[in-house]
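Asks: From first to last, the protein sequence lines are chains Z and H. Residue numbers are given in the UniProt record's numbering: position 130 of the first sequence equals residue 130, and the series is strictly consecutive. Residue numbers are given in the UniProt record's numbering: position 90 of the second sequence equals residue 90, and the series is strictly consecutive.
Just so you know, the hints here were simulated from the structure itself, not pulled from any lab data. Careful, some of the hints might be misleading.
Claimed, not checked - Listed next, with one range per pair, are the computed distances between beta-carbon atoms:
id : chain 1 : residue 1 : chain 2 : residue 2 : range
1  : H       : R151      : Z       : V262      : 40 to 48 Å
2  : H       : R221      : Z       : L93       : 26 to 34 Å
3  : Z       : A105      : H       : Q236      : 50 to 58 Å
4  : H       : D375      : Z       : L93       : 52 to 60 Å
5  : Z       : D263      : H       : P231      : 38 to 46 Å
6  : H       : Q434      : Z       : L5        : 56 to 64 Å
7  : H       : R383      : Z       : L127      : 55 to 63 Å
To be verified - Per the computed footprint, the stretches of chain H lying under chain Z, defined by three or more beta-carbons under 8 Å from a beta-carbon of chain Z, are:
id : stretch
8  : 209-217
9  : 235-248
10 : 251-257
11 : 261-272
Because the structure is a prediction, the values reported are computed rather than measured. The C-beta atom is built at its ideal place from N, Cα and C for all residues, glycine as well.
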Amino acid sequence: MTAHLLRRTGQALLVLWAAFTAAYLLLQAMPGDAVLIKFQNPELGLSPERIAEIRSYYDGGGYLHTLLGFLQGDFGYSVETGTPVLDRLAEGLPATAELAGAAFALAVPLAVLIAFASCHSTRLRGLLLAVPSLMVSVPVFLLGILLVQLFSFRLGLVPVIGGSRAQQLVLPVLTLAVPVSAPIAQVLARALDHALAQPYVPVVAAKGASRSRILWRHAARNALPPALTVAGLTFGELVAGSVVTETVFGRNGVGRLTEQAVDSQDTPVLLAVVVLAAAVFVLVNLLVDVLFPILDPRLA
Amino acid sequence: MSSSRPAILSVAMLAVVGLLSACGAAPAPRAAAADGTPVRGGTLTYLEHQPPTCLYLPAAGFYPNGGVLNQLTDKLTWQNPQTLAVEPWIATKWTVDDDATEYTFHLRDGVTFSDGSPLDASAVAANFDVYGKGDARLKLPPAEFVSNYARSEVVNPRTVKFFFDRPSPGFLQGTSVIGAGLVSKKTIGLPYEEQCQLKNVIGSGPFTVAGQVVDKEIDLRAREDYDWAPPSSQHQGRAYLDQIKIIVTPEDSVRVGALTSGQADYVRYVQAYDERTVAAAGFTVRAEPTRGVNNGLYLRPDNELLKDARVRKALVKATDAKEVVDTLFTANYPQATSVLSHLARGHVDLSKDLAHDPAQAARLLDEAGWTKGADGLRAKDGRPLKLGVFVSGPQPLSKQTLELVAQQWAKLGVTLEIRPADAGTQAVDIKDAQKTAVSHSMVGRADQDVIKSQFHSESRDVLLSTDKRLDTLLEEQSALADPAARDAKVGEIQRYLVEHAYAIPLFEEPQVYGIAPHVRGVAFEAVARPSFYSVWLAR
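For reference, chain Z alone in the conformation it holds in the complex (with noise of 0.2 Å):
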């Protein structure tokens, strides 16, 4: 256990070294620069000898330099706001870690409802089925605006201009969890038809057990691991969709940033967001990897 824990420890470091280099190397090849972009606003009237002085300013210094900086935690400055990257994105992940907690915490009982509703019935099986399909093709943008246009705009539910922190969380939390429930929902629906057409279904039922106590005492233990697998991968999906989320609700959170240093291609921030993505990444993954044998003692 030690062992595969150590090894797997090692993979994860080997996987965030490699997403370092390959951003790094990605974002050096693409033309232009954020410095370029900030400073060749007409207004400022700026030579290109003066821009090429302010570049070496923000010159990180080269890739070892640089990956050097990220050992002991420096992520250099951002070159859009001259700000530390580290305080941006000190400012964006609480929001950010709240909004993508919530979506997942809606999203996977969500998904357990739809799947076991799923088996329970077979008048609404079609239907229930269809369900994740529908869900996993809105995209995030669309189903936000008409979340807020429903929601906040003509029933007047929720305000998104202003209100509590709570009430600012209801909508984005919705939309996001939408797209993270439905692959869970859909690979779950699945593995338990797959466990209920087992050969020990009809010996247990014949033992006399009920429909539901054969659901959710034998199917389901060996529904969730497939069912797991799918919930550590959708943390992309949660990172993919908090960006667009992010960004239609006007929340500031590091999906925001993102957008923006995009946008401007701000460097350094997007090489710390990469990172910072890939290490969340490999630490759920990991997690998922841990709770194998706890749910599955077979695979310890």
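Following the hints, put chain H in place on chain Z, whose structure we already have.
Replies: Leaving out everything else, chain H in the frame of chain Z:
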């Protein structure tokens, strides 16, 4: 399970959502206050389209910056947006010598910055020394609204003099523009990166910063001891509002929906296609003119294909600006009649020369040797007539505008290649006349010098011009002390630009605001940035 069911279901569910969102009634406009007496107090919620960028004053032209800085700073002079006359503000009176190389300003007494320091001659001199010459040590670039600046001289605490190397008749108006906001000596002495940050902007304006969530919200609070509004303002003393919440709301539909549902009072950047929604809900749509160089396509004469004036003329004739306005915009976007807005100083009506004439365009292209191939596209020596342009981020519906023009040009066999406004590529390629043959842009300022800003090779230089004659004309204009002679010169420049087919003016670009009926005292500076000083809430 039938495979068509999910599709039918999706459609049904979307339809339900659609119906629900369509059947809600729009809120009735609030009853107007019984009389027009301004009420003091309240908080105005103002939704801005983009977060402010760097708040160094000379960069205030960017509308999200200007919307904030206009409330925080005062200027030496006030340009009346109706008459465009320059009136006293912090300067009570001034004298200009005959050749406009020496300006003397007498300042109002008792004006202070919000940090308590006095707004006196030495503070004003410190501001304009930076705006006029920049400061290399502090990495501060000079401002585009000051030309030929030499030095300042503090005569006494209430009198300041400015000297110029060459005549600078635009300077008086320059002291009234958004970028000429006066900041405390402490602020102006900070390096560029520091001056960029809102917390460091210390002005003498009617509002001060009460709080900020970067890129999300700026809260302003009225300054209790403010007592130096422009003398011509009816309202004197403290601002009526207690507070302003400026909230960045990038999504168009959210801004408009928040306004019409009563969650916001005032929004910037109502898209042309949303104007009807706003008006139908009983809200005001205010389209403020920007009085400068029109939204248009600027043709770069150094481009290999555009070197030939006949090709440029053909493109002018191939473009139907009326169709652009009628299809994409509203009556708030008047079709251009010249390079300049009809509200700009020195405007001349050149609509005859700019008229849409596809037959003439085809003739000109034939003459220039660009013949139509079997595919309907024009080519010469095997080279296609293909021109590149970038979508212009700040221009409303730029992509749609360019797509429509591309359709018009395609009828004549000319290809307009539209590239997305990806900042990096754009920053590199926009300064390359071969790759980017056409520039889609505009610039607003209520002075004759606006034309110089757009076209001079040392300014915005949208043409990437090597035309010495054009530079000379622009410099002559900027050095004429007599306003009438300046207007005439501006007319000559417009004719020159149209004659050489450097410009395809499309429309006069406004700034469009949506305003709730209970918001009164709405006012703008001369180039459409809102002033909240006299705004009050009738509710």
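Asks: Using the Cβ atoms, figure out if Q434(H) sits within 56 to 64 Å of L5(Z).
Replies: Once the Cβ atoms are compared, 58 Å apart, the range 56 to 64 Å for L5(Z) and Q434(H) holds.
Asks: Lying within 52 to 60 Å: is that true of the beta-carbon distance D375(H) to L93(Z)?
Replies: The hint (52 to 60 Å, Cβ to Cβ) holds, given that D375(H) and L93(Z) are roughly 54 Å apart.
Asks: Can you confirm whether chain Z covers the stretch 251-257 of chain H, using C-beta to C-beta distances below 8 Å and requiring at least three such residues?
Replies: holds (count 4)
Asks: Starting from the hint 50 to 58 Å, judge whether the C-beta atoms of A105(Z) and Q236(H) obey it.
Replies: Holds - the Cβ-Cβ distance for A105(Z) and Q236(H), about 55 Å, lies within 50 to 58 Å.
Asks: With a cut-off of 8 Å between beta carbons, are at least three residues of the stretch 235-248 of chain H near chain Z?
Replies: Since three or more residues must qualify, the claim that chain Z covers the stretch 235-248 of chain H holds, with 3 doing so at under 8 Å.
Asks: Please test the hint of 38 to 46 Å on the beta carbon pair from D263(Z) and P231(H).
Replies: holds, 43 Å
Asks: Determine whether the Cβ-Cβ distance between R383(H) and L127(Z) falls within the hinted range of 55 to 63 Å.
Replies: Once the Cβ atoms are compared, 60 Å apart, the range 55 to 63 Å for L127(Z) and R383(H) holds.
Asks: Does the Cβ distance between R221(H) and L93(Z) fall inside 26 to 34 Å?
Replies: Holds - the Cβ-Cβ distance for R221(H) and L93(Z), about 29 Å, lies within 26 to 34 Å.
Asks: Confirm or reject the coverage of the stretch 261-272 of chain H by chain Z under the rule of 3 or more residues with a beta carbon closer than 8 Å to the chain's beta carbons.
Replies: Contact hint for the stretch 261-272 of chain H vs chain Z: holds, 3 residues under 8 Å.
Asks: Checking C-beta pairs, does the stretch 209-217 of chain H have three or more residues closer than 8 Å to chain Z?
Replies: It holds: at least three residues are needed, and the stretch 209-217 of chain H offers 4 whose Cβ sits within less than 8 Å of chain Z.
Asks: Quick check on a hinted range of 40 to 48 Å for R151(H) and V262(Z), using CB atoms only.
Replies: holds, 44 Å
In the structure shown, no violation is registered for any of the earlier numbered hints.
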